[in-house]
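Residue numbers (our numbering), protein chains in the order written: chain Y, 1 to 799; chain E, 1 to 210; chain U, 1 to 296; chain C, 1 to 195.
These are calculated hints, taken from the structure and not from any lab test. The model shown is predicted, which means the values in this text are computed figures rather than measured ones. Hints are supplied without guarantee of correctness; some may be wrong.
[Stated by the list, open to error] Calculated cross-link-like contacts (lysine to aspartate or glutamate; reagent style DMTMM-like; alpha-carbon spacing at most 20 Å):
(1) LYS711/Y with GLU90/U
(2) LYS209/U with ASP58/Y
(3) LYS138/C with GLU451/Y
(4) LYS110/C with ASP429/Y
(5) LYS450/Y with GLU128/C
(6) LYS287/U with GLU106/E
(7) LYS445/Y with GLU120/C
(8) LYS39/C with ASP135/U
(9) LYS287/U with GLU104/E
(10) LYS262/Y with GLU128/C
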Amino acid sequence: MTNGWNDIKNADLVLVMGGNPAENHPCGFKWAIKARQERGAKIICVDPRFNRTAAVSDIFLQIRPGSDLAFMGGLINYVIQNKKYNEEYIKHFTNAPYIVKDTYSFDPATGLFSGYDPEKRKYDQSLWGYELDEKGMAKKDMTLTHPRCVFQLMKEFYSRYTPEVVEKLTGIPKEKFLEVAKLIAETGAPDKSMTHLYALGWTHHSFGVQLIGSMAILQLLLGNIGVPGGGVNALRGHSNVQGMTDLAGEGRFLPGYLKPPKASEQTLKDHIDANTPKAVDLSMNYWSNYGKFYVSLLKAWFGNAATPENEFAYHYLPKIDKVIAMDEILDRMYRGKMEGMVSIGMNILASNPNVKKISEGLAKLKWLVVMDPFETEMANFWKYVQDPSKVQTEVFLLPSAIFAEKEGSYTNSGRVIKWKYKAAEPPGDAKDEFWVAGQLWNRIKSLYQKEGGKFPDPILNLTWNFKNPYYPTAEEVLHEMNGYALADITDEKGNVVVKKGERVPGFAVLKDDGTTACGMWLYSGVFPQSGNRAKSTDLSDPSGLGVYAGYGYSWPANRRILYNRASADPSGKPWSPKKKYIWWNEAEGKWVGHDVPDIKPDLTPDYGPFIMLPEGRGRLFAAQLVDGPFPEHYEPFESPVENILHPKTPHNPVVKVYKSDLDLLGTPDKFPYVATTYRVVEHFHYWTKHIYGTSALVPKMFIELPEELAKELGIKAGDIVRVSTARGSAEGYALPTKRIKPLVINGKKVYTVGIPIHWGNEGVVKGALANMITPFVWDPNSQTPEFKGFLCKVEKVKA
Amino acid sequence: MEDVKRLEEIEVERFSRFDRFVHWLTAVPFVYLFLSGLGMYSSKFSWLLPFLGGREFSPWLHKWAGVVFAIGVFLMFIRWAKDFMLDSDDIQWLSNVKHYIKGEEEKLPEAGKYNAGQKVFGWLVFIGGAVFLITGIVMWFPESFTPAIVRLSILLHEIAFIVVGAGFIVHVYMGTIGVPGSLSSMITGKVSALWAMAHHPKWFRQIMGR
Amino acid sequence: MATVTTEGTVGLGLRRVSASKAPDQNIKKSDQLAILVDISSCIGCKACEAACAQWHDLKPPLHTEEKLFTGYQSGPGLAPNLFMYMRFQEVEMDKGLVWAITKYQCMHCADPGCLKACPSPGAIIQYTNGIVDFDHSKCIGCKFCLSGCPFDVPRYDANNKPWKCNFCVDRVSNGLEPMCVKTCPTNALHFGTKEEMLIRANKLLEGLKKRGFDKAAVYDPPGVGGTGYIYLLPHGDKPEIYGLPKEASISPLVSLWKGPVKLIGSIVLWGTLLGAFLQLILFGPIKVGKKEKKEG
Amino acid sequence: MELTRRSFLKIGGISAGSALIAGLGFDPKPAMARVQGLKISNAKAVKSICPYCSVSCGVIIYTLTDGAMNVKPRVVHVEGNPDDPVNRGTLCPKGATLKDFINAPNRLKKPLYRPAGAKEWKEISWEEALDRIAKLIKDTRDKTFIERDEKGQLVNRCESIAWVVGSTIGNEEGYLWVKMGVALGLVARETQARI
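Could you put together the complete structure from these sequences and hints?
Right, here's the structure in full:
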């Protein structure tokens, strides 16, 4: 989330699209209800189903799954055509005036940007850069009239998304669309803001990142980024998914969004140079500190073994050619290229697409370690095959402690790090992950000490500075994450700011000379020498805007709203007294306000608010995205209709297409209905079916289908129906509903079928695994599976 | 005098073993039903319940006693329904019941084996029993019926209780103090011929004539 | 915001006691409490339903039987181990589809039909703060309370003891909000004095009317003297879509059997007894021989 | 809890007795009644965070224990932390049933092991399990370690072990596991970030 949960209450309009917060984040959704009760904000819900959010929304629009980008394109077009954008904002805070190189182009007929290589299914993104002047600064046209300035390119690009086209693609009637577009466009006024709430409803597409990009564009146009009650807010999934993303649970990062070295970057300098961007405008360009964070990380991990001579043990880090994310892991597993898997608290079998492929993949592993509080489908995968004796995988199922049984912090979706205390002991022999990590690491280490082995250096030299190395404590680890000084740290004037051995007050003091160690620069400051700020519980909120600066610790540097400098106009004055948040104090020559300014406090207002970007400005045109600088509508890989914009390129052209015998896709003649999977509020993933209280609330797997379709197929409520796709089938109780209506898409009647996911083979309540039917198709930027919008058929099994 | 004495000594069978069995099969549960019902019906008598097995047990036993009672009533009906048919004499008897109360039986039409009062009480029991049974079942399983039916059943059960309860008081009084000899007739089955002649002359002649 | 009552830590005043005369109202005083259910803010998440079961340590029914499917609803309705549940109903209205989702439980009527119908002294009590509670130690298991209830609420366990929402009288008496209210993620539930809740309900009602719900209304059925649970209904002209009776009142039959019939019954039964006694002393038993001996 | 319940029953018993008397003519009309005690009044309150979604609602876990030597604290109730600004004491149905999660009877209590080809789980000690897992990790790593790629570049990586760490794990444990994975040279690392 760019803003926080509490900030939603400052919105004048709440747009829920690509998420169902009432269902999946009810306690956060209360702030949307508050915005309505206290400020008269409207709540608009755009979804394939009239869901629980829709039940309390002011306006609900039913959209065809997978057509959201058409809707967004329509909105962007509406805002531009009707000049509803905040002109000052886009001129100064976005790259709208930047001139794009003439090697960039887009062909509306083929739906392809310039530089496409059909063989590799890849673009040459270097063709899409800005024109730079001799100093390396981007050329700009502040009048926004240059034909190749971002604004003009965008205007032309989205001019195709007329309300009529939107209706043809999404099934939303033109009048309805215009009614909503008008309300949304009104938040372009300086004293108004719109918050956008989304979640997996948008990311679960083969163009998920583009969808979010399209909203970023809309919000930038309307000047709704960096202001209270604004933002593009990802309502994330698990309790600590933000933390685990920040901490690089994914192999494409190192903690704090640092990058793992590429094979081509054979020296530390290569790597740092490649990842330290050069400012192309007046920008703080915060990633220019990349080297400091990187060296501090290496010092934190490899301690004395990381020396300037050995490039701070740079070669201890694995270098990659290619990110092996979940899609690759599963595909390689199926192809027999994986030997082992350690899974801590994940149920890969249940939660990823195409269960059959995963199940066969797991059977090809030599060994599998699963740690979980419950007996999961993943751990039991060998029980579901006909002859378990043929599965040669050695499987461990380790009982884990749960949240209440250990101490530590979680980072919530609003980036706030909060502490939890231990309340109970785990049952039986269940153990927490600190203990298991301590035990396992010391075993691996002593094996390498005793027997030697391949490249043991990083293992033998990994810092493990815990009082009890077999059982590290949470605060010991947080100490390392926060960072500490290895020598006295001085400021420019030579004053000692951090003494040797003390924890650093924040990432600003980190050094690239090996005198600081910091395992997680982004969280640096959470545990300064004065104490653990994740534990702080000060509830004061002097501005009344729900900032709560003293409650927990929000990365980065305890900022609650990201890019909050944008809450003031280019001269540094608040856009409107109603949205006053951070402003430039002329007299003192610094930024002041209700929050920690998201910019260097004394940096003059001509610097851009988007400090992490070399432009210092928000990107309406993002050459960094692999599937194109402007989001374009592509159909899901299984779609009931053709792509009327460019039938020749119906799908996202850079999506990797997996072609194993189990990677099957269906066509509308055999599978006529659109299916989408989702969650219900009473359950959480494949977890709560093990728990009595939640199981009793919704005990049965059900399939939601339009009443009209049910009638056509002779299905009544409570009948058992089977939903089949090219991959497999899942059975559940039929729930014919008025809440999903048939849509007319470009003249064709399209039915949507809804499948909640929460059941499986294990638990207090059981049911079909919804992922038996989902396609093995992934977003090319983020490797997120396409769960929303695929093709199915439905048949009655039993009345 | 001689006759009287002789008649006093002659024992005639008024109730067979079966009759007595059926009577008590009905009467014993009824006493329990009456008392526990009274305890549930009126808070002034809720103190009765602890004496009848407890506040929970007595309502429970009330239901099962009701089942036994219903069986008893059913058997009674089979046994006595025909005997309890009212004739014109009975109507006359009933309209002059004040004589009976005053102990002037001679001013009334001669009674057969059962006088009109007994017959009426019999019918009260038959009809009341049916009402008790039907409404009782509804009240036993209130969740299985619509609230309106349950409410009506409670009302009818209560009205039946008042009517049959009043009849029961009279019956007990008559059977014990009111008409000496009645109780023993229902225990031993025998009455003296004199008793029969006095209270049920028609029946007396019938059996004597045999 | 909610008014907190603490007098209950010592003991709560009583307003009504089943099958008994009214307690003295001059001893204990208390505000009338109420919960406001703002249907327009309710997302039907069942947090209240879950929290209720957890607080009361209930094991709610788990409906896995194949024949029973209730969709989003946890089951067919209340149960002795389920004091409240969320009802779901899809209704097509003039202005579009409405997913009517209602929290359903004991309404804590000001004039409680259950208490009125209950024949056992003290088994149902109403505290002066308006909470209606059951005392199982005095319950005789007759199930009359169900017949008295205009909202079909009490549910019986295997021993015929009735169970229902007790307004978390234990929490309320200790200065805590009822569990459902505290849990409600969207603040659709409000707790306080009845007076406060009516003011708040009317304020929210204005907001709803401004949003175009011109038929919105506050549901506080006068037929039972008002309720401890009041509802803000966006479609107030049709409470039945929320599963609430349009005219809630105690059935006249209950009044009949508790009032006139009881009186008549007393007269008849005592009268009969008296009659028998009079017969005995005035005329004496109807003995054998009077006539015969005369004749003889 | 137990105590108060018992005293509640006692009060019930007394009132049953008094009702008996009442029936006989002494008809007390009490003006007040005791209510059941608060089940958490003697419990220890511990601040925690709901482990489900990323709203990360503050919760308070109530445990009953006096800390005696042989007593394991028992969680008797979980409710929202009213002092947490995000949820202000509220919870969703999942959060509201956390007690059932913590106390779930089907929680795993022993490490289980399934040898290759077996048809059943068998119990195993942590010692055995961890020894074996460490060995398997080392063997696979050593066997499949790529020191240099086909271009001859130094890469020091292992691609054949998937290291997936879910996202309900806390920051500190998560950090340790990430650190271990990277130190082992593993590149197939994942978390539950998108599904």
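Hint check:
1. LYS711/Y with GLU90/U: Given that 20 Å is the threshold and the Cα spacing comes to 17 Å, the pair holds.
2. LYS209/U with ASP58/Y: The hint holds at about 13 Å.
3. LYS138/C with GLU451/Y: The given pair, whose Cα atoms are some 10 Å apart, holds under the 20 Å limit.
4. LYS110/C with ASP429/Y: With a Cα-Cα distance of about 5 Å, the restraint between LYS110/C and ASP429/Y holds, given a limit of 20 Å.
5. LYS450/Y with GLU128/C: 18 Å, holds
6. LYS287/U with GLU106/E: 12 Å, holds
7. LYS445/Y with GLU120/C: The given pair, whose Cα atoms are some 31 Å apart, is violated under the 20 Å limit.
8. LYS39/C with ASP135/U: 18 Å, holds
9. LYS287/U with GLU104/E: 10 Å, holds
10. LYS262/Y with GLU128/C: 38 Å, violated
Going through the hint list in order, the structure does not satisfy hints 7 and 10.
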